[in-house]
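Colleague: These are the residues of each chain, in order.
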Amino acid sequence: MPLNLRILPLLRSALPGCVLVLVSSVAQAQLAIEITGAGANRMPVAVATFEGESALPRSVTDVVRADLERSGLFKMVELGPGPMGADAPVDFARVRSRGADAVAVGTVSPSGGRYQVQVRLHDTAKQVSLGGQAMVMSPNQYRTTGHRIADFIYEKLTGEPGVFSTRIAYVLKAGSRYELQIADADGSNAQTALVSKEPIISPSWSPDGSRLAYVSFEAKKPVVYVHSLATGQRNVAANFKGSNSAPAWSPDGRRLAVVLTKDGQSQLYSVNADGSGVQRLASSAGIDTEPAWSPDGMIYFTSDRGGSPQVYRVPAGGGEAQRVTFEGNYNVSPRPSPDGKSLVYVSRNGGRFQVTMLDLASRQTQTLTDSSKDESPSFAPNGRMVLYATEVGGRGVLAAVSSDGRVKQRLSVQSGDVREPAWGPQPRN
Amino acid sequence: MNCIRFALPLITAGLLAACSSAPSTDGQGATVEDRSGGAASSGVDANRVVSVNADNKGGVANYPELTDSKSILSKRSVLFDYDSYVIKSEFGPLVEAHAKFLVAHPKMKMLIQGNTDERGSREYNLALGQKRADAVKKALSLLGVSESQLESVSLGEEKPSCSDSTETCWSANRRGDMLYSGEF
Chain A
1 MPLNLRILPL
11 LRSALPGCVL
21 VLVSSVAQAQ
31 LAIEITGAGA
41 NRMPVAVATF
51 EGESALPRSV
61 TDVVRADLER
71 SGLFKMVELG
81 PGPMGADAPV
91 DFARVRSRGA
101 DAVAVGTVSP
111 SGGRYQVQVR
121 LHDTAKQVSL
131 GGQAMVMSPN
141 QYRTTGHRIA
151 DFIYEKLTGE
161 PGVFSTRIAY
171 VLKAGSRYEL
181 QIADADGSNA
191 QTALVSKEPI
201 ISPSWSPDGS
211 RLAYVSFEAK
221 KPVVYVHSLA
231 TGQRNVAANF
241 KGSNSAPAWS
251 PDGRRLAVVL
261 TKDGQSQLYS
271 VNADGSGVQR
281 LASSAGIDTE
291 PAWSPDGMIY
301 FTSDRGGSPQ
311 VYRVPAGGGE
321 AQRVTFEGNY
331 NVSPRPSPDG
341 KSLVYVSRNG
351 GRFQVTMLDL
361 ASRQTQTLTD
371 SSKDESPSFA
381 PNGRMVLYAT
391 EVGGRGVLAA
401 VSSDGRVKQR
411 LSVQSGDVRE
421 PAWGPQPRN
Chain B
1 MNCIRFALPL
11 ITAGLLAACS
21 SAPSTDGQGA
31 TVEDRSGGAA
41 SSGVDANRVV
51 SVNADNKGGV
61 ANYPELTDSK
71 SILSKRSVLF
81 DYDSYVIKSE
91 FGPLVEAHAK
101 FLVAHPKMKM
111 LIQGNTDERG
121 SREYNLALGQ
131 KRADAVKKAL
141 SLLGVSESQL
151 ESVSLGEEKP
161 SCSDSTETCW
171 SANRRGDMLY
181 SGEF
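Here the protein sequences come in this chain order: A and B.
If you count by this note's numbering, then the first sequence holds residues 1 to 429, one letter each, in order.
If you count by this note's numbering, then the second sequence holds residues 1 to 184, one letter each, in order.
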């Protein structure tokens, strides 16, 4: 059972009605991760057992190995139980004979009730160091430390930042109870932020990872809230007459795009995070919903203005809307990639709802999944993976797929449905 | 109808008299119509009724016809066809009855909740459910109900009345529900 690593303040107050805001709780249902597909050419990598690690109650290197394996980009090479220290000379011939192209070695040493962890990564062919890292941790931070080391190795070997230290938000439905939860990207360390007897949908991370916007039906209608994760405090961001939904943060974290029906059909507006300063973003005679900000200042959204639901985009500062998807008659839930070059959305293909990737420059599309009830895709902050909700055996699960469709993972709970995932940003250290 | 309307001030004053359909409580705080005849009579705890009315001032508890299964006003759901936002003729009399009630009781408010089946995007379904709620709201407005009495919202696919993935179930979930003050 993973321990709670974060320092969480005490429960502040139970709000009126049937909603309970929590900032700390033992996860009732732990997400289990399963790898269901891997990359074609996985790089063989060894993570030696760190010298002195046996002093820790839980292994850091196990976390590092599991993270790298799960990414689908690496094949873990076993070196045996013998530890290898960060500063000791590496027996390259032995590591090379096991087939590893890279090896991580490390040392754990006590440091006044805490531990210093040093790690060094070597290229075994060139027999050179690729760099090192050192950090200090308390024994129960073994997961956080492991994720950071995995991020370091991932970045050195792929040239891109890792996402092992990121978090995901999702909604767990168990019986008639809805819980907004936050977990590590591998599903461990789940925390409950909100419990309600009424549905919760559309969680959206603020760019700095400190707040979640979401839609709660606790008032018998959809209302948008902004919830501060550190304090558990929340405020209403949009509660106009009619429905309020689909919050999406602006890249600067100051405004939220929302969908309101105060003036008629579902239309796009923006508001400040405290609910003030409402402005219209676009107008149409049909439904406009599911806005998402791209890094290049566009807002992608779903609209049925042309007859069927399709993806459109409009400059965030106002302007003409432009249609983006043309294939098929149901393309919804668009999310631009962090680099703004591609778009992921859900397409209905012969009655099956599937996650689809569109390269915005070449206009090439690719169906990434072989499931049939996919919903709510969201990119990992490095753009490499897409997290989405789907159904397996009649139960809601979360799944992740690499942007080339090869690497596949599934996150599920033993009982209950998991849905409405949102992949959080890179933590800011 | 008229009887209830005239009886309201008397009921809120704690005086149960003069009407054949005096409210009684069912122990849940809601009132049911008593058609057993007689006036302020049998088995009605006047104090309790007053407290119920005080808690739900102007609410559904004051109008037994809204919950009496024999009254058309107790029926609150308008069902829609797949991909449709048109009120079918079979629901005309129901919508008219509620319009008549709201016109006669301008202090009563109604929350119309639109719903959809489970297929597709939750947020897009929320927008489709809004179209169903808006269709009911528009019909009520055309029948003379004041805009200020009405709010149309959507629950999308989130509150299905039936949770199997079958056509029977999906059709039951494509609906607009009408809730009165005191029910939301």
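Heads up, a few of these hints could be off.
As the list claims (entries may be wrong) - With a cut-off of at most 20 angstroms between alpha-carbon atoms, the simulated EDC-like pairs for lysine to aspartate or glutamate come out as follows:
no., chain 1, residue 1, chain 2, residue 2
1, A, 262, A, 218
2, B, 70, B, 177
3, A, 262, B, 151
4, A, 241, B, 147
5, A, 220, A, 252
6, B, 159, A, 155
7, A, 373, B, 183
8, A, 262, B, 147
9, B, 159, B, 177
10, A, 241, B, 164
11, B, 75, B, 65
12, A, 220, B, 183
13, A, 373, B, 164
14, A, 197, B, 183
15, A, 173, B, 118
16, B, 159, A, 263
17, B, 159, A, 370
18, A, 220, B, 83
19, B, 100, B, 164
20, B, 109, B, 81
21, A, 241, B, 65
22, A, 220, B, 177
23, A, 220, B, 151
24, B, 138, B, 90
25, A, 373, B, 167
26, B, 109, B, 167
27, A, 241, B, 183
28, B, 159, A, 391
29, A, 156, A, 198
30, B, 138, A, 263
31, B, 109, B, 151
32, A, 126, A, 155
33, A, 173, B, 164
34, A, 197, B, 118
35, B, 109, A, 370
36, A, 373, B, 118
37, A, 173, A, 198
Keep in mind that the hints were calculated from the coordinates and are not lab data.
Colleague: What are the numbers of the hints the structure violates, in ascending order?
Modeller: Hints 5, 6, 7, 10, 16, 17, 18, 19, 20, 21, 26, 29 and 35 are the ones this structure does not satisfy, whereas the remaining hints hold.
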